[in-house]
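These protein sequence lines are chains A and B, in that order.
Counted from 1, the first sequence has number 425 at position 399 by the working numbering; the numbering is strictly sequential.
Counted from 1, the second sequence has number 122 at position 96 by the working numbering; the numbering is strictly sequential.
The set of hints was computed from the structure by calculation and includes no laboratory data.
Here a beta-carbon is modelled for each residue, glycine too, at the ideal position from N, C-alpha and C.
With beta-carbon atoms standing in for the labels, derived distance ranges:
hint: 1; chain 1: A; residue 1: 151; chain 2: B; residue 2: 427; range: 32 to 40 angstroms
hint: 2; chain 1: B; residue 1: 289; chain 2: A; residue 2: 319; range: 40 to 48 angstroms
hint: 3; chain 1: B; residue 1: 326; chain 2: A; residue 2: 460; range: 54 to 62 angstroms
hint: 4; chain 1: A; residue 1: 350; chain 2: B; residue 2: 354; range: 50 to 58 angstroms
Protein chains: 2
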Amino acid sequence: MSISTIIPALRAALDAERVRDDAETLAIYSRDDTPGSCIPVMVLFPHSHEEVQAIVSIARRHRLPLVPRGAGSGNVGGAQPVPGSAVVSFECMQKICDYSAVDRTITVEAGCVTAAISAYVQADGLFYPPDPGSNPYCRIGGNLAMNAGGPHAVKYGVTRDYVLGLRAVTGTGETLCCGVHTSKGVVGYDLTRLLVGSEGTLALITEATLRLLPLPSAQATLRAVYDNTANACAAVQRVMAQHHTPSALELMDPYALAAVRAMGAARDLPEGSNALLMVEVDGEAITIPDQVQAIRAALAGEGSLEILEATDAAAVADLWAARKSLSPATKAMAPLKINEDVVVPVSRLRELLEAIEGIAAEQSLHIVSFGHAGNGNLHVNFLVHPQDGNEMRRARHGLQKLFQAVLTLDGTLSGEHGIGSSKRAYVPLELSPESLSIQRAIKRIFDPDAILNPGKLLPET
Amino acid sequence: MSISTIIPALRAALDAERVRDDAETLAIYSRDDTPGSCIPVMVLFPHSHEEVQAIVSIARRHRLPLVPRGAGSGNVGGAQPVPGSAVVSFECMQKICDYSAVDRTITVEAGCVTAAISAYVQADGLFYPPDPGSNPYCRIGGNLAMNAGGPHAVKYGVTRDYVLGLRAVTGTGETLCCGVHTSKGVVGYDLTRLLVGSEGTLALITEATLRLLPLPSAQATLRAVYDNTANACAAVQRVMAQHHTPSALELMDPYALAAVRAMGAARDLPEGSNALLMVEVDGEAITIPDQVQAIRAALAGEGSLEILEATDAAAVADLWAARKSLSPATKAMAPLKINEDVVVPVSRLRELLEAIEGIAAEQSLHIVSFGHAGNGNLHVNFLVHPQDGNEMRRARHGLQKLFQAVLTLDGTLSGEHGIGSSKRAYVPLELSPESLSIQRAIKRIFDPDAILNPGKLLPET
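Between the sequences and the hints, there should be enough to build the whole structure, so can you do that?
Next up, the structure:
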């Protein structure tokens with residue numbers, strides 16, 4: 027492959043200024059929101075499905091690896107270039123292609139900002155439920171590639187649950203339309219959900235038809251604090267076992283709480299607060315008092331120090347701000363944050379947090395855990411110093427032990443971040459050789475020359 | 027392949043009496059709920075995953091085609107034997123393997139009766155939402171194979187939306203465990219949803235981990251009649267465009283209404299009633315009056331003759347009984363019922379019904395339509411006489427025109443029945459050659475010797 031022959035071909039297919047290889051552009055696109063970087067050979071900005079198809083066809087001819095990119099907000103290196111690769115950024119493909127309020131469906135291009143979808147349909151009393159933390163800037167194509175979740179998944183589910191149909195370009199440069207424009211459909215194998223979560227390794231998604239829901243008209247938010255994590259986990263279990271599914275149920279462990287307090291938030295907590303739960307309920311206004319009462323009752327119990335309802339919008343915003351600040355706050359606490367995203371059944375959450383506590387003590391590591399407790403989905407952050415070889419070795423041991431604990435507890439290695447390049451070495455802990463062999467064969471069907479996002483998702487052979 | 031060598035091998039793997047080749051057993055298992063039949067060479071009744079694995083291994087060695095069977099209640103010949111095949115009936119695999127009320131998950135064997143799942147968890151205030159019409163006797167394995175829907179899909183979704191993980195045996199005799207035991211998980215390609223709806227052509231599902239929901243504590247049912255189908259469709263649109271998603275929204279066209287009346291039901295309808303809607307809402311008791319009011323307002327409009335709320339359980343049961351009697355009633359109306367199951371966006375439902383009316387007139391056919399209007403999913407029944415060659419030819423023309431109309435209206439050929447053997451000739455109308463070529467390649471990965479449910483789902487090459 028010679029870049030000097032590919033670039034003119036690509037410039038002929040796209041406008042010249044949308045095939046960039048200047049140092050500044052390459053530097054910007056050399057990383058996503060994961061530690062590490064790699065300078066790509068070029069960055070491409072297609073405007074349309076047809077241009078994506080042209081890119082893949084040319085790339086295939088020249089065996090040029092393509093790294094698809096939404097906003098670059100992923101945590102597992104899914105959009106990180108590999109040596110000799112071209113980044114395909116979807117940021118110029120933001121069109122709303124079709125929208126029907128009555129059918130509650132919308133078709134958007136892959137570069138559409140996720141939050142823009144809900145904003146677009148809000149006037150009709152609709153919304154697009156999945157809202158990963160990066161919602162205000164992440165793009166739907168990235169969400170589809172990683173099957174993004176978010177705090178509201180506990181009630182509303184994840185990206186996969188809202189995808190009706192896709193338009194995509196496979197690694198052979200062929201157009202693949204899959205799925206339907208209707209709320210039901212069972213014709214053929216479910217290629218739609220095969221592409222969702224495939225991290226850009228099977229096809230480049232260019233358009234998606236998504237399902238919308240009626241926007242809940244009211245909500246309420248409660249904050250509860252506990253003397254220890256075990257008692258907070260017991261409360262999570264009680265909340266999830268009662269009748270009203272909360273629209274969010276977030277947990278902060280003592281170290282997350284300390285991080286939040288260090289930033290000046292949550293200063294009003296009672297003495298001895300070592301774990302915090304945030305619970306949101308939503309629905310028709312008439313249902314809220316009942317829901318709040320049921321949640322309050324479930325939150326009360328051993329070790330409960332305080333249960334507070336946020337009564338105005340500002341108080342709710344403060345609570346969420348504290349929760350959302352955790353990701354940047356923990357990032358600032360050490361030179362490197364190893365950000366895991368494990369899930370266990372809600373009934374095993376206490377055991378998971380005990381295991382994490384044990385790992386932190388045994389390996390002398392600073393581990394901060396918080397996340398979507400209603401899904402049993404914890405963000406476990408190892409705060410480390412890459413210069414400290416000994417600590418890094420302990421962190422690697424700790425990670426291995428964390429994953430073992432998660433799998434022993436009937437859990438999974440990732441709830442919403444995905445595998446990308448960071449976690450691929452650990453995939454064989456969870457998936458059997460039979461499953462991996464099928465997945466590799468599927469990869470070869472869609473992308474026989476392995477040009478689509480190489481080095482991601484599937485472990486090295 | 028010689029049956030006389032296979033049967034002893036299978037009898038050694040299973041108990042002898044669970045490998046049947048007596049004429050009576052073969053006759054019983056020669057058909058499902060689809061016109062036509064074919065005598066299999068044997069019927070197998072495995073008791074466990076390991077026995078299914080033994081069956082597939084032996085079958086593969088001898089190139090014996092295997093036809094998996096739940097209750098045999100499918101409408102597209104999915105469980106119909108092909109010449110020389112063995113039926114694998116899952117009826118002896120009904121165990122509940124695992125259940126956690128707090129995690130709202132249940133793991134069941136494939137032969138578990140679908141309604142038995144909800145019955146099992148009801149005491150904990152939970153239920154398993156998908157409820158195809160055959161709910162009281164169909165088996166979860168069949169539901170998974172076909173991605174079954176049902177009247178409540180409009181609010182609760184279909185089988186696919188409730189599957190967390192699967193255990194299965196591929197065509198190579200290998201065990202494949204896919205998915206998770208948690209409410210979230212994104213590790214690897216989504217093989218779980220690839221198997222759901224694959225109609226037993228990729229693997230035999232032996233166990234499934236399913237998601238449960240809190241049981242709604244109250245519901246209400248309304249019946250509305252209209253002077254014509256177009257006005258009923260307009261009402262469907264209005265219902266689906268307002269804030270409260272109904273838990274069911276069923277439509278009967280004039281011919282379905284006549285069939286119901288001929289059975290002695292719905293005798294109290296006002297003069298001139300030519301289309302009927304049944305709407306159910308559910309949720310917390312406190313929400314019901316608001317929901318009923320909103321639905322009533324949406325149902326009212328041009329051509330609305332009467333809107334009635336069923337105020338007691340008996341009245342509701344009567345309404346549902348009338349709706350559920352439609353399938354057997356139409357079957358009794360002619361020697362052959364060709365039962366289609368098309369879907370269009372709700373906004374195009376009126377056009378679909380006009381197209382059906384046009385086809386019936388043009389081809390002089392008796393077509394009865396009813397079904398899940400809230401999903402735009404109509405059961406279109408051609409009532410014909412197989413002896414009448416001319417009528418059968420007109421029916422084939424009519425079917426072709428129906429499918430063309432559906433696809434022109436942005437629809438899909440099947441919403442919940444699947445493809446099986448009956449519809450496979452029509453699949454290329456909807457799926458592109460690229461999509462079919464990928465699907466065939468996937469089939470070869472899972473089942474290289476094509477022993478799993480041959481002649482189903484994928485069109486002939």
